[in-house]
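Novice: Got chain A sorted already, so can you dock chain B onto it with the hints?
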Amino acid sequence: MSHAIEASADTAAVPAGRASPAPRPRRAPGEARWLAVAFLAPALVLLSALVLYPAGYSFVRSLFGDDRAGGIGSFVALGNYREMFSDPGILKALKNNVIWVVVAPTVVTMVGLVFAVLSERIRWSTVFKTVLFMPMAISFLASGVTFEMLYSDQPSRGLANAVVVGIHDTFRPTAGYPNVHARDATVMTGSAAIGYTTIAGYSAAATVILPMAGLDLTTAPPSSAGPALLPAAGAGPGGLYGVIWNDFRPGGGGHGNTVDAGELGLGGMRVQAVRDGGGPADDKVVATATADAHGVFRFPTLTSGSYRLKLPASNFGAPYHGISWLGPNLITPAIIVAYLWVYAGFAMVLLAAGMASIPRDALEAARIDGATEWQVFRRVTAPLLAPVLLVVLVTLVINVLKVFDLVFIISQGAGANGHNADVLATQLYSAFSAQRYGLASAIGVVLVLLVLPAMAFNIRRFRREDR
Amino acid sequence: MSAAPPSDIVTGAINRGFAARASARLGGGVLRLVLIVVALLWLLPTFGLLVESLRDPAQFANGGWWNAISHPAQLTTGNYTALLKNHAITGSFFNTIKITVPATVAVVLIGSAAGYAFAWLEFPGRDWLFLLIVAMLVIPIQIAFVPVVKLFGSAGLTGSILSVILFHVAFGLPFAIFLLRNFFAGIPRDLLEAARMDGAREGRIFFRIVLPLGLPAIASLGIFQFLWVWNDLLVALIFQPKSEPLTFALASQTRQFGSSIDVLAPGAFLSLIVPLAVFLGFQRFFVQGVMAGSVK
Numbered sequence: 126m127s128h129a130i131e132a133s134a135d136t137a138a139v140p141a142g143r144a145s146p147a148p149r150p151r152r153a154p155g156e157a158r159w160l161a162v163a164f165l166a167p168a169l170v171l172l173s174a175l176v177l178y179p180a181g182y183s184f185v186r187s188l189f190g191d192d193r194a195g196g197i198g199s200f201v202a203l204g205n206y207r208e209m210f211s212d213p214g215i216l217k218a219l220k221n222n223v224i225w226v227v228v229a230p231t232v233v234t235m236v237g238l239v240f241a242v243l244s245e246r247i248r249w250s251t252v253f254k255t256v257l258f259m260p261m262a263i264s265f266l267a268s269g270v271t272f273e274m275l276y277s278d279q280p281s282r283g284l285a286n287a288v289v290v291g292i293h294d295t296f297r298p299t300a301g302y303p304n305v306h307a308r309d310a311t312v313m314t315g316s317a318a319i320g321y322t323t324i325a326g327y328s329a330a331a332t333v334i335l336p337m338a339g340l341d342l343t344t345a346p347p348s349s350a351g352p353a354l355l356p357a358a359g360a361g362p363g364g365l366y367g368v369i370w371n372d373f374r375p376g377g378g379g380h381g382n383t384v385d386a387g388e389l390g391l392g393g394m395r396v397q398a399v400r401d402g403g404g405p406a407d408d409k410v411v412a413t414a415t416a417d418a419h420g421v422f423r424f425p426t427l428t429s430g431s432y433r434l435k436l437p438a439s440n441f442g443a444p445y446h447g448i449s450w451l452g453p454n455l456i457t458p459a460i461i462v463a464y465l466w467v468y469a470g471f472a473m474v475l476l477a478a479g480m481a482s483i484p485r486d487a488l489e490a491a492r493i494d495g496a497t498e499w500q501v502f503r504r505v506t507a508p509l510l511a512p513v514l515l516v517v518l519v520t521l522v523i524n525v526l527k528v529f530d531l532v533f534i535i536s537q538g539a540g541a542n543g544h545n546a547d548v549l550a551t552q553l554y555s556a557f558s559a560q561r562y563g564l565a566s567a568i569g570v571v572l573v574l575l576v577l578p579a580m581a582f583n584i585r586r587f588r589r590e591d592r
Numbered sequence: 036m037s038a039a040p041p042s043d044i045v046t047g048a049i050n051r052g053f054a055a056r057a058s059a060r061l062g063g064g065v066l067r068l069v070l071i072v073v074a075l076l077w078l079l080p081t082f083g084l085l086v087e088s089l090r091d092p093a094q095f096a097n098g099g100w101w102n103a104i105s106h107p108a109q110l111t112t113g114n115y116t117a118l119l120k121n122h123a124i125t126g127s128f129f130n131t132i133k134i135t136v137p138a139t140v141a142v143v144l145i146g147s148a149a150g151y152a153f154a155w156l157e158f159p160g161r162d163w164l165f166l167l168i169v170a171m172l173v174i175p176i177q178i179a180f181v182p183v184v185k186l187f188g189s190a191g192l193t194g195s196i197l198s199v200i201l202f203h204v205a206f207g208l209p210f211a212i213f214l215l216r217n218f219f220a221g222i223p224r225d226l227l228e229a230a231r232m233d234g235a236r237e238g239r240i241f242f243r244i245v246l247p248l249g250l251p252a253i254a255s256l257g258i259f260q261f262l263w264v265w266n267d268l269l270v271a272l273i274f275q276p277k278s279e280p281l282t283f284a285l286a287s288q289t290r291q292f293g294s295s296i297d298v299l300a301p302g303a304f305l306s307l308i309v310p311l312a313v314f315l316g317f318q319r320f321f322v323q324g325v326m327a328g329s330v331k
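From first to last, the protein sequence lines are chains A and B. Under the numbering used here, the first residue of the first sequence is numbered 126, with each subsequent residue one higher. Under the numbering used here, the first residue of the second sequence is numbered 36, with each subsequent residue one higher.
Check each hint, because a few of them may be wrong.
What the hints assert, rightly or not - Short derived list, chain B residues pointing at chain A, Cβ under 10 Å:
1. 67
2. 76
3. 124
4. 128
5. 129
6. 150
7. 172
8. 184
9. 205
10. 266
11. 281
12. 306
13. 318
What the hints assert, rightly or not - Here chain B is said to cover these stretches of chain A; the calculated rule only asks that three of the stretch's residues, wherever they fall, bring their Cβ under 8 Å from a Cβ of chain B:
14. 252-260
15. 575-585
To be clear, the hints were calculated from the coordinates, so they are not data collected in a lab. Backbone N, C-alpha and C define an ideal beta-carbon position, used for all residues, glycine too.
Just chain A, same shape as in the assembly (with noise of 0.2 Å):
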């Protein structure tokens, strides 16, 4: 295949070759001057009619108001760049960058310095850097599907509530239910938001009955709930034992008190021991139990004495569902932890490429006269990077404040809420959207105004580089 590329281009060469009559050292300037405009037209032509032109047409579209078929409307000056900072939403959008140009540049360098330091001392670095690189080819959709996702308020679809959740209910177990209270006030007395504790004292060998109600059986009963069954006496090991269930029976023919077929019972509540007949001060805790799914409750050690039983508030709270990570407070976070998953690799990436110019010698000296490895991290390293780290500082600077695809997928997953993420990229796109074409174009132009600074760096940079 490419040798009949090339014979056929040598053919095509060849004649031409020929016809000149002598080989030329110099070509006129003149026609070196053609050669350039036909090497450079197809270039500058694309880049004067789509960046150039467009770029300060842009400028000028955002003195002007617009009209309501999209049009230009009249001469407002200033106007669409009064309205950018009075418009609570762009307002928000705009702090919501600074948080992004402040947060997230910093975060990835350092975590990508991190990573690049810790991955030069073991044998599977190539690896590590592939997987830790790989988001970058993947688009800002998947990573957006991916994270809000990640992200979801469901236990059951986010895997990060669900770890949330998991690690909250080992450590503080919440049964959830919600609009359980004591049926009998004769049984016990107290309310949900304090507990209950029961009127008598119960000692061992009893079989306590607390029967409850209020389970909300039109929709299906939480999974910690079964059947509920009467311990039978002395079947136990000892101990004083009981049982907490739903005294309700579904469609009717249920007694009071007493354990019916049908009746749930409520697994997962807590249940505490407290010494009977002393007054407050002896409401310590001897002893604490959790219903198993048919409501039974045991406690074993409680041989002797008689006890009151305490059902701590907490078992009628609501269910812990976990952090609202794309609620109000933690959205743009949430989204930033995101695009550190996606540009981590990149720093890390480009700083290990500076770390490995660095001259061995001048690690090997620190080291020889005796220098801890922080120390020639902290003297050495660090300040022959530094004008790496300022590199990918400053290249995530200009990425962040054109921040769109990530912020627009995950805010667009998280519904009403979204607009909490909002940046000035997905104000523009809305400006632009609904034929705000003026505000668009001022939002726009304050983009680049923003970038300036980098610019000049790219130029200051290149400039002397190319010296």
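Specialist: Relative to chain A, chain B alone:
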């Protein structure tokens, strides 16, 4: 350590050596463990997306994707077979190709020609023009939306794939020219002078010497631009081509996220499988391109 009595110097040194070795080994173990956890953490989101895309939608109510690991019976290829029958999605996949390939080829060709001119041809204003290109590297594409949409409108390109391609090419060019000019400038002058002495025309020098020698940089650029365009959502949203690309088709699905995760998860996976293959296949070039382009 310095306060240790002189008699202990020898044993102290041995002990220190042992302690240092032990702590180094222990530290190495901890380090390895930490990095393994980090790597797994980085793989987790994509892995979750893959598993979710393979789950029977009927199982979604029963718990998150991690349940499928202990219950592999939940896994099915049903979502993918449904996706392949969904013409809106498969069509958009091919639209993405129709946009990405021409946009990449055009940037490579136009960019190399201009890069060559900036590197090896003499013309007035060359250095200033190139600084302008460097300045354009960071210009946000947002600044061009309003006028370019209008421009394409008057050129009759509204809703066409060509409008998206042209826009991608224009905004890909500054980086392409920057990268290739710098690479071409590194080609030894003698090589070009010798060819000119032999009477080769600039066109021949460009195609027979510069392009083959510049291949590594061209590959980096090509892959970079390919991924850039393939993954684009914003430009597609602005120019609304009638033949919508995959990202666009999937983004409109996110509005009904809850109900359409069985389309969205495999669709997102479909959209990332091509870039992933390109990345893993041409990793070296990609990394070089990203490093060279740490300005865009």
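Novice: Does each hint fit the structure? Answer for all of them.
Specialist: Consistency of the hints with the structure:
1. Using the Cβ-Cβ criterion of 10 Å, the hint placing residue 67 of chain B at the interface with chain A is satisfied: the shortest such distance is roughly 6 Å.
2. Here the hint on residue 76 of chain B is kept, as its CB sits about 9 Å from the closest CB of chain A, short of 10 Å.
3. Among the interface hints, the one on residue 124 of chain B is violated; its C-beta lies about 13 Å from the nearest C-beta in chain A, farther than the 10 Å criterion.
4. Restraint check, residue 128 of chain B versus chain A: the minimum CB separation of about 13 Å is more than 10 Å; hint violated.
5. Because the smallest distance between the Cβ of residue 129 of chain B and any Cβ of chain A comes to about 17 Å, over 10 Å, the interface hint for this residue is violated.
6. Contact between residue 150 of chain B and chain A, as hinted, is supported at the beta carbon level, the nearest pair being about 9 Å apart and thus within 10 Å.
7. About 6 Å separates the beta-carbon of residue 172 of chain B from the nearest beta-carbon of chain A, less than 10 Å, and the hint is met.
8. This hint holds: residue 184 of chain B has a C-beta 8 Å from the nearest C-beta of chain A, less than the 10 Å allowed.
9. Look at residue 205 of chain B: its Cβ gets to within about 4 Å of chain A, closer than 10 Å, so that hint holds up.
10. For the restraint placing residue 266 of chain B at the interface with chain A, the shortest Cβ-Cβ distance is roughly 3 Å, inside the 10 Å limit, so the hint holds.
11. Interface restraint check: residue 281 of chain B against chain A, minimum CB-CB distance 8 Å, threshold 10 Å, status holds.
12. Using the Cβ-Cβ criterion of 10 Å, the hint placing residue 306 of chain B at the interface with chain A is satisfied: the shortest such distance is roughly 6 Å.
13. Interface restraint check for residue 318 of chain B: the shortest CB-CB distance to chain A comes to about 7 Å, inside 10 Å, so the restraint holds.
14. Look at the stretch 252-260 of chain A against chain B: 8 of its residues bring a Cβ nearer than 8 Å to a Cβ of that chain, three or more, so the hint holds.
15. Coverage of the stretch 575-585 of chain A by chain B holds. Counting CB-CB distances below 8 Å, 5 residues qualify, and the rule asks for three or more.
Figure legend: structure checked against the earlier numbered hints; hints not met, in rising order: 3, 4 and 5.
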